[in-house]
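Asks: Each chain, written out:
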Amino acid sequence: MRVARARMEQFGGIVELERPRALLHVDREMMRELGYKGSPLWEQPAGPLSAPTEVHVVLSRRCAAGCRGCYVDATPQGAALSCAEACRILDELAAMGVFHIALGGGEALELDYLFAVAEHARAVGITPNLTTSGLGLDEGAARRCRVFGQINVSVDGVGKAYQAARGFDGYRHAERALRLLRAVKREVGVNCVVSRSNFDQIGEVARLVRRLDLNELELLRFKPVGRGARLDEELTPEQGKRLWPMARRLVWRHRIRVKLDCSFAPMVFWHRPSARAAAFFGVQGCVAGDVLAAVQPEGHFTGCSFISRPEADARNLREAWPNACADIRGYTRSAPEPCASCEYLHLCRGGCRAVSQAHGRFMDPDPGCPRVQEYRKLRPLPVVAT
Amino acid sequence: MKLFRRGRVLQATFGCNPNSSSLGVDVTFLLFGSVCASMIAIFLGALLRGETK
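Residue numbers (numbering that gives the first Met the number 0), protein chains in the order written: chain A, 0 to 385; chain B, 0 to 52.
Possibly wrong hints are sitting among the right ones.
[To be verified] SDA-like mimics (lysine to any residue), calculated; alpha carbons at most 20 Å apart, straight line:
1. A:K36 to B:G44
2. A:K36 to B:R7
3. A:K36 to B:R5
4. A:K240 to A:R375
5. A:K184 to A:R18
6. A:K36 to B:R48
7. A:K240 to A:P366
8. A:K36 to B:E50
9. A:K184 to B:F13
10. A:K376 to A:G359
11. A:K184 to A:E138
12. A:K36 to B:F13
13. A:K36 to B:L47
14. A:K240 to A:H270
15. A:K36 to B:G49
16. A:K376 to A:T235
17. A:K376 to A:P337
18. A:K184 to A:R209
19. A:K240 to B:T27
20. A:K36 to B:G6
21. A:K240 to B:E50
Derived by calculation from the structure, the hints in this document are not laboratory data.
For reference, chain A alone in the conformation it holds in the complex (with noise of 0.2 Å):
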């Protein structure tokens, strides 16, 4: 086991290994045991982290694959940040002890220059992972892959039920990016958009992470956002409720590690698992703002890369940390029912704030929680006079 690298934090510190990789918040006694005398920040009452721990850096908007549910409706032609203001981006994260980037997009690989942007990242001892759908992969660029530390291939669906949910025909081609990634290195998986039209069909994909010896299958929640705003493809309650149990059992069926996104938080926490190893695990709602952070092909920084709000310009991240995503950090503190009665409210956090961004209005419950769900079903509408 090897220390990378350690941050102060308000509790005690968040110290990086390097194997087995992790992130692991430790006390103030736990820093001191490891040689660190003391920080200012530890005179400070309980609040958000001083800096996010990982930061989604939506490198472009620009991607030929013209994927029909496109949370960012990247196009051939659209925004991208140059290199030189990535780079300088890295640098402020770098300085504010960040410890992760996702770099995304649109396509990354489509950018030339995606790898000086990751051997940059590497430079300032920040940790680069990729999101790509393999389209146009070689081998060069798979062994220049090296340089990331987890890259996972997006993979909606196997053969046919691939075209049906990215609306092209780009299974194969992805197959062939899983294959050739996985000659080079360990850390390879597979991205999953769990919708509506694909929900019962995730155990095929389960079955190819394993078979192709992968090391994680990410379940991420169908969102309607960016052209996804245009299908009706969110899950429905049933589905809703069938999430944690599925996910379950992709893990003891195919003996594959699955991993679920923030926004999959109101489903897992209406089966009630152990609060107190949901909390040691990290598994919680909307961290937008705390433990996370996005910087958009446009410049300015958001609390993820599905709220389209800007908090400040990415450049100055450092400054307006401190006050940025205000409401969203204080949503357990003024949450309305049913999440102020939940026990799990300082877990789940109201669940996905793009999702009810997407519903009308921003500091609602997620409407795709089935507490939520029945809550409203059990509540008349009020009568509006007209």
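Let chain A serve as the given structure and place chain B on it in line with the hints.
Replies: Relative to the frame of chain A, chain B by itself:
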């Protein structure tokens, strides 16, 4: 005698999240509940202390 409280690991997230849209959280360990969390916390704490010796 001065009582010495040993440091604790409060949270552990494994691997890196490559997804540039959402935070990916490993739910595999969640299946094993709080006993698993406590054991991993003790194990990681011991590893960290070993690192400083």
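Asks: Check the hint pairing K240 of chain A with H270 of chain A against an upper bound of 20 Å on the C-alpha distance.
Replies: Satisfied, since the Cα-Cα distance of roughly 8 Å is no more than 20 Å.
Asks: Hint check: K36 of chain A vs R48 of chain B, CA-CA at most 20 Å. Holds or violated?
Replies: 16 Å, holds
Asks: Given the hinted pair K36 of chain A and F13 of chain B, is their Cα-Cα distance within 20 Å?
Replies: Answer violated: K36 of chain A to F13 of chain B is near 27 Å, above 20 Å.
Asks: With the threshold set at 20 Å, check whether the alpha-carbon distance from K240 of chain A to R375 of chain A stays at or below it.
Replies: Holds. K240 of chain A to R375 of chain A sits at ~16 Å (cutoff 20 Å).
Asks: Regarding the pair K36 of chain A and R7 of chain B, is the alpha-carbon distance no greater than 20 Å?
Replies: Judged against 20 Å, a Cα distance of about 16 Å means the pair holds.
Asks: Could you grab the alpha-carbon distance between K36 of chain A and G6 of chain B and see if it respects the 20 Å cut-off?
Replies: 14 Å, holds
Asks: Hint check: K184 of chain A vs R209 of chain A, CA-CA at most 20 Å. Holds or violated?
Replies: 16 Å, holds
Asks: Holds or violated: K36 of chain A and E50 of chain B, Cα atoms, limit 20 Å.
Replies: Distance ~17 Å between K36 of chain A and E50 of chain B Cα, so the pair holds.
Asks: Just to be careful, I want the Cα atoms of K240 of chain A and P366 of chain A compared with a cutoff of 20 Å; is the pair within it?
Replies: Holds, at about 13 Å.
Asks: Does T235 of chain A lie within 20 Å of K376 of chain A when you go C-alpha to C-alpha?
Replies: 14 Å, holds
Asks: Are the Cα atoms of K184 of chain A and E138 of chain A separated by 20 Å or less?
Replies: Answer holds: K184 of chain A to E138 of chain A is near 12 Å, not above 20 Å.
Asks: If you draw a straight line from the CA of K36 of chain A to the CA of L47 of chain B, is it 20 Å or shorter?
Replies: 16 Å, holds
Hints 12 and 21 from the list above are not met by this structure, while the remaining hints are.
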